[in-house]
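Chain G: place on chain L using the hints.
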Amino acid sequence: MKMPDNATPILEGKNFEITISRLCYQLIEVHGNFENTILIGLQPRGIYLCEALKEALLSLTGIKVKEGKIDPTFYRDDFNRRESPLIPSATEMSHQIEGKNIVIIDDVLYTGRTIRAGMDALLDYGRPATVQLLTLVDRNYSRQVPIQPDYRGIIVDTRAQMRVKVEWQAAGHPENKVWLYSENK
Amino acid sequence: MSKGLSVEHLLGIKYLNVDDIELIFQTAIEFKQVINRPIKKVPSLRDITIANVFFENSTRTRISFELAEKRLGADVINFSSSGSSVSKGETLLDTVNNLLAMKVDMVVMRHPSAGAAHFLSKHIQANIINAGDGTHEHPTQALLDTYSILEQFGNVQGLNVAIIGDILHSRVALSNIFCLIKMGANVKVCGPATLIPRNIEQLGVSVSNSIDETLQWCDVANILRIQLERQEGAYFPSLREYAIHFGVNAERLDKLSKQITIMHPGPINRGVEITSDVADSHNSIILDQVENGVAVRMAILYLLSAGKSSND
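These protein sequence lines map, in sequence, to chains L and G. So for the first sequence, our numbering puts the first residue at 1; every next one is plus one. So for the second sequence, our numbering puts the first residue at 1; every next one is plus one.
Treat the hints loosely; a few may be bogus.
To be verified - Quick look at which bits of chain L chain G covers, simulated, 3 or more residues with Cβ under 8 Å:
| id | segment |
| --- | --- |
| 1 | 88-98 |
| 2 | 143-155 |
Claimed, not checked - Some chain G residues well away from chain L (every beta-carbon gap over 12 Å; in silico):
| id | residue |
| --- | --- |
| 3 | 82 |
| 4 | 101 |
| 5 | 199 |
| 6 | 298 |
Unchecked claim - Below, a sample of chain G positions facing chain L; criterion: calculated Cβ distance under 7 Å:
| id | residue |
| --- | --- |
| 7 | 4 |
| 8 | 7 |
| 9 | 30 |
| 10 | 39 |
| 11 | 42 |
| 12 | 44 |
| 13 | 73 |
If you are wondering where the hints come from, they were derived from the structure by calculation, not from laboratory data. Glycine included, C-beta positions come from ideal geometry on N, C-alpha and C.
Chain G on its own, in the form it takes in the complex:
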């Protein structure tokens, strides 16, 4: 009998082992094949109902999950906090319990508080998938990023991957660091000193404040968005100044002695962390990341849903 994932919920990359990540990637390869054929749908999850519960704005992640769920034949409920009873004072647990009373098997949740998905998994009989919790983790993004690197290079082991930008507020950065290090990549984070958490070296990454040195070092540059909505204080003087010192532009890339692969989890602030010509260049795999997002999320939903109705 084949072995599944070691976890029941996808709360963070922290809780996955290398075998889990490899199994997700191996399954995603098959789903990528499915979503590229004339009939893009399989009936694997036809008796599963999934609630997408979003307490924070999202375009890409929500649509990607919804598409993944529909491609697997699941029934889908979408919930976003604006326009719901959350604004009438309902608690998270009550909201989700009400959804479960309607026989939901899996919950995909994004929440502004770190640990929200973890909290839910302790109180609720459903598979929880963390679609981003505060500044903590965004595991599916890290998995699709790493999968995209794997697809581009054939392996991740030994590659130099730079994560550039707002590391302090980024759950994408943290999940990516966990995932890449587990898969054997060398990771360097780069950004203004104010946006790099103290002691981040303990996670096994190196730190640089020089964008040019970082770009020369790396094979892949994953460029993150400046998250103005999470920044309460002044971390750098102005967006223009950030763009001058840390923005990735064609001029910087032309100076390098090699070609590097450009990634960005979106949404892009064009002209701030990355210029349009770089984002749209042939070295950019930003849109491949989006396509792979659906395949990787299908793999995760598929693998987590096993054994749902094992007692009938």
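In isolation and in its complexed conformation, chain L is listed as follows:
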């Protein structure tokens, strides 16, 4: 997708890297050697952030953190209110989550409904000891359910017609970048 003319980058380059590193140090503070921790990326876009954090943690600590991917599509509450179906992405849950400390990872936290669906999907795999939430972008004042992140990259105050988009090199974009733009309707 091409960005609209009014799009402004709000996180890029060196700052992007700094934010990722800070999130890693915050995770290390809480999770130590990550022995009992699994990072779970939410499909479709949370998996890139999850992968980036995993790589950064590996180079910072030498620890290979366990990870999984979960697709909240089948658990969404707006499925039947859409004209066309939401196409699911792959779920990969190769680790037992029973008794583990889970960090759910998504790129943008907005209404909180996707995270709610993701938690329901996660809990169908077992009973983790704790569940935390990490997001790269927290869209302030937009929540429709009581969900807040435990770790956040940046906070942006946005109006409803604004959109936040995260581009990842791993997804074929020239560089890692967060854009803010408004919908032209």
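Using the frame of chain L, we list chain G on its own:
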């Protein structure tokens, strides 16, 4: 925004395009993962009510649909014509309209008349899924068969698939032919000349009356049941003679220069179209077909139900 199916009802494979079939398979992969984990249920269709209306006997298809519906969290009503008001003379339309008055969103129907599902879709505000209409189509069976082939071989394009047995009375055969050809397989039908419809070549299949030649040609043999209940005349002298000339047995398979995959939509007449040792052999994916049936039906129900309550 993601694109859904091009159809509102699943009446037959005829009406689907390749993108639809691929979307169903792609979604079924995720549902197969769901039904193999400790909690086998997702709440996607929790505000949907589905009626399974069966005017003809069925074990596998009805149970498979019911399980698929329940795994998606839908409310399910089961109706079979025996023991219902149909035996008091109620018409199909009245029966189904009464069900809809009770706020049913989707109807899964099996009926002995070809075109029954089509008729219903023209008169009723609900998604109709054809679970078999007479000798016409049985689309979900064809989709699960093709999905099982895809799972086994990684692709369908260019594979040689033989459909063996009673082609004339088989809705499974017709739907399978449509589906396999759309997905790029080469299809050959094989059976006694009396059980192969005239001009079936026009559908793009080849015809053989030799079981040994067909087995040597194919990568996959989908063996159909002899449908005695639909046969009014004498199409072959006896079941024993059919078994001798067209039955798939270990001796026939051992003569081949390769291994082939064995499929059967069920119910099996053991010792007639297929012997027990072949049906239970490691080349048989008959029980995988049953498992995949639930995942494929979940995918179809899920994809068709989108936009049900879009006006609230």
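> Hint by hint, which ones does this structure get wrong, listed from lowest number up?
Replying inline: 2, 6, 8 and 13
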